[in-house]
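**Q** Sequence:
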Amino acid sequence: HHGRSFGYATGGMRDDDITDTMRETWDVFDPEFHDFYWNQWTGTASEFSDQWKAKISEVIDTYHPDMIWFDGLRTAMRGDHPREEYVLDVLAKYFNDASRNQQRVAICNKHGGEFNFPEDVGLKCYENGRDMPTDVGPWFLIDRAIAYPWSYVNNKRYRDGADYHVRSIVDVVSRGGIFLLSLTPKGDGSIPPEEREIMKNIGNWMKLNGEAIYGSRPWRIHAEGPTITRGLKRTNKGEEREQWDWRKEFTAQDIRFTQKDNILYAIALAWPDNGKLQIESLAEGCEEAIQSISLIGSNKQLPWKQSKKHLEVTVPDAPPGEYAFTFKIQTK
Numbered sequence: 252h253h254g255r256s257f258g259y260a261t262g263g264m265r266d267d268d269i270t271d272t273m274r275e276t277w278d279v280f281d282p283e284f285h286d287f288y289w290n291q292w293t294g295t296a297s298e299f300s301d302q303w304k305a306k307i308s309e310v311i312d313t314y315h316p317d318m319i320w321f322d323g324l325r326t327a328m329r330g331d332h333p334r335e336e337y338v339l340d341v342l343a344k345y346f347n348d349a350s351r352n353q354q355r356v357a358i359c360n361k362h363g364g365e366f367n368f369p370e371d372v373g374l375k376c377y378e379n380g381r382d383m384p385t386d387v388g389p390w391f392l393i394d395r396a397i398a399y400p401w402s403y404v405n406n407k408r409y410r411d412g413a414d415y416h417v418r419s420i421v422d423v424v425s426r427g428g429i430f431l432l433s434l435t436p437k438g439d440g441s442i443p444p445e446e447r448e449i450m451k452n453i454g455n456w457m458k459l460n461g462e463a464i465y466g467s468r469p470w471r472i473h474a475e476g477p478t479i480t481r482g483l484k485r486t487n488k489g490e491e492r493e494q495w496d497w498r499k500e501f502t503a504q505d506i507r508f509t510q511k512d513n514i515l516y517a518i519a520l521a522w523p524d525n526g527k528l529q530i531e532s533l534a535e536g537c538e539e540a541i542q543s544i545s546l547i548g549s550n551k552q553l554p555w556k557q558s559k560k561h562l563e564v565t566v567p568d569a570p571p572g573e574y575a576f577t578f579k580i581q582t583k
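With our numbering, the residue at position 27 of the sequence shown is 278, and numbering never jumps.
Calculated directly from the structure, the hints in this document are not laboratory data.
There's no promise every hint is true.
[To be verified] Pair by pair, the computed Cβ-Cβ distance ranges are: (1) 445 with 267: 42 to 48 Å; (2) 263 with 310: 28 to 34 Å; (3) 434 with 263: 42 to 48 Å.
[What the hints assert, rightly or not] Lysine-lysine pairs mimicking DSSO-like chemistry, simulated, CA-CA at most 30 Å apart: (4) 499 with 560; (5) 511 with 499; (6) 527 with 484; (7) 551 with 458; (8) 437 with 451; (9) 579 with 458; (10) 559 with 583; (11) 499 with 458; (12) 458 with 407; (13) 458 with 437; (14) 451 with 511; (15) 579 with 559; (16) 556 with 511; (17) 560 with 579; (18) 551 with 527; (19) 583 with 551; (20) 511 with 579; (21) 306 with 344.
Owing to the predicted nature of the structure, the values given are computational and were not obtained by experimental measurement.
We treat Cβ as the ideally placed atom computed from N, Cα and C, and that holds for glycine.
Please work from the sequences and hints to get the whole structure.
**A** Right, dumping it as structure tokens:
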């Protein structure tokens with residue numbers, strides 16, 4: 252990550268900006284560290300390209316990764332470091348090796364054509380929903396750190412618990428997307444206890460509700476409900492960017508849909524306190540012919556009825572789990 256682009260550590264600096272003291276005392280200008288702080292004063296773009304190609308090729312040959320994510324390469328297709336033919340050679344090697352090994356692989360495209368690759372290359376990725384269009388469609392990825400920054404630091408603050416990540420997973424998958432959550436190990440490789448606890452609780456939810464996530468596909472709509480997750484956020488530079496916010500206070504009317512075979516999953520992002528779940532998209536006259544409805548985590552079939560306004564499901568007195576609640580709707 253830290254060697255992601257030539258000149259990353261000195262971006263925007265010119266000769267006039269560098270004092271003699273900086274040249275003598277800063278590691279970034281020490282030739283001994285030229286292959287760590289790649290820049291024009293201690294190395295060359297050609298040397299960077301050679302090392303970049305060698306490192307990525309080694310990763311492919313040694314570990315056969317299912318997915319490769321480049322946080323850099325902003326200059327690869329425009330500024331020739333690494334050289335464009337090197338990038339194309341590495342991508343060709345990755346996909347050709349995968350084909351020979353009958354392996355399914357993906358290249359991540361940061362910000363969907365706005366950062367390192369042309370728009371139609373690989374899997375479009377949006378960091379925590381930043382700059383993600385409303386009509387992103389299926390086959391995209393949301394990535395985030397379990398807590399920021401992206402690395403471990405002392406006294407790290409964990410703003411969000413498992414509930415936030417679970418609701419994000421549900422929303423992303425309902426849109427046909429992939430959710431990538433990065434942990435922040437300590438220097439010895441151990442996972443901080445706060446992160447283990449969050450992951451355990453996410454795992455508990457997935458263990459119960461995973462059939463609505465794994466192998467599922469988007470339904471004809473991905474959601475209904477009053478809570479808007481998309482908005483505009485102003486950056487430090489005063490620019491407005493689209494931003495998706497999964498920290499909202501969701502209601503039982505906020506529902507996400509997935510499907511598999513003849514089963515429609517309606518995942519309520521909060522528990523209906525009045526004992527009734529209402530789904531407007533499944534009102535009388537909808538395309539689906541409903542046979543039965545159950546709640547994952549409960550063995551009972553649930554009473555239901557349709558009206559011209561909505562499908563109404565009578566729910567148990569208490570929820571079977573936490574965070575988000577999956578109703579399994581069997582259709583003909």
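**Q** Each hint needs a verdict: does it hold in this structure or not?
**A** Status of each hint after checking the structure:
{"no.": "1", "hint": "445 with 267: 42 to 48 Å", "result": "46 Å, holds"}
{"no.": "2", "hint": "263 with 310: 28 to 34 Å", "result": "30 Å, holds"}
{"no.": "3", "hint": "434 with 263: 42 to 48 Å", "result": "32 Å, violated"}
{"no.": "4", "hint": "499 with 560", "result": "26 Å, holds"}
{"no.": "5", "hint": "511 with 499", "result": "28 Å, holds"}
{"no.": "6", "hint": "527 with 484", "result": "35 Å, violated"}
{"no.": "7", "hint": "551 with 458", "result": "19 Å, holds"}
{"no.": "8", "hint": "437 with 451", "result": "18 Å, holds"}
{"no.": "9", "hint": "579 with 458", "result": "15 Å, holds"}
{"no.": "10", "hint": "559 with 583", "result": "20 Å, holds"}
{"no.": "11", "hint": "499 with 458", "result": "25 Å, holds"}
{"no.": "12", "hint": "458 with 407", "result": "28 Å, holds"}
{"no.": "13", "hint": "458 with 437", "result": "27 Å, holds"}
{"no.": "14", "hint": "451 with 511", "result": "26 Å, holds"}
{"no.": "15", "hint": "579 with 559", "result": "21 Å, holds"}
{"no.": "16", "hint": "556 with 511", "result": "23 Å, holds"}
{"no.": "17", "hint": "560 with 579", "result": "20 Å, holds"}
{"no.": "18", "hint": "551 with 527", "result": "16 Å, holds"}
{"no.": "19", "hint": "583 with 551", "result": "19 Å, holds"}
{"no.": "20", "hint": "511 with 579", "result": "10 Å, holds"}
{"no.": "21", "hint": "306 with 344", "result": "13 Å, holds"}
When each numbered hint is compared with the structure, violations occur for hints 3 and 6.
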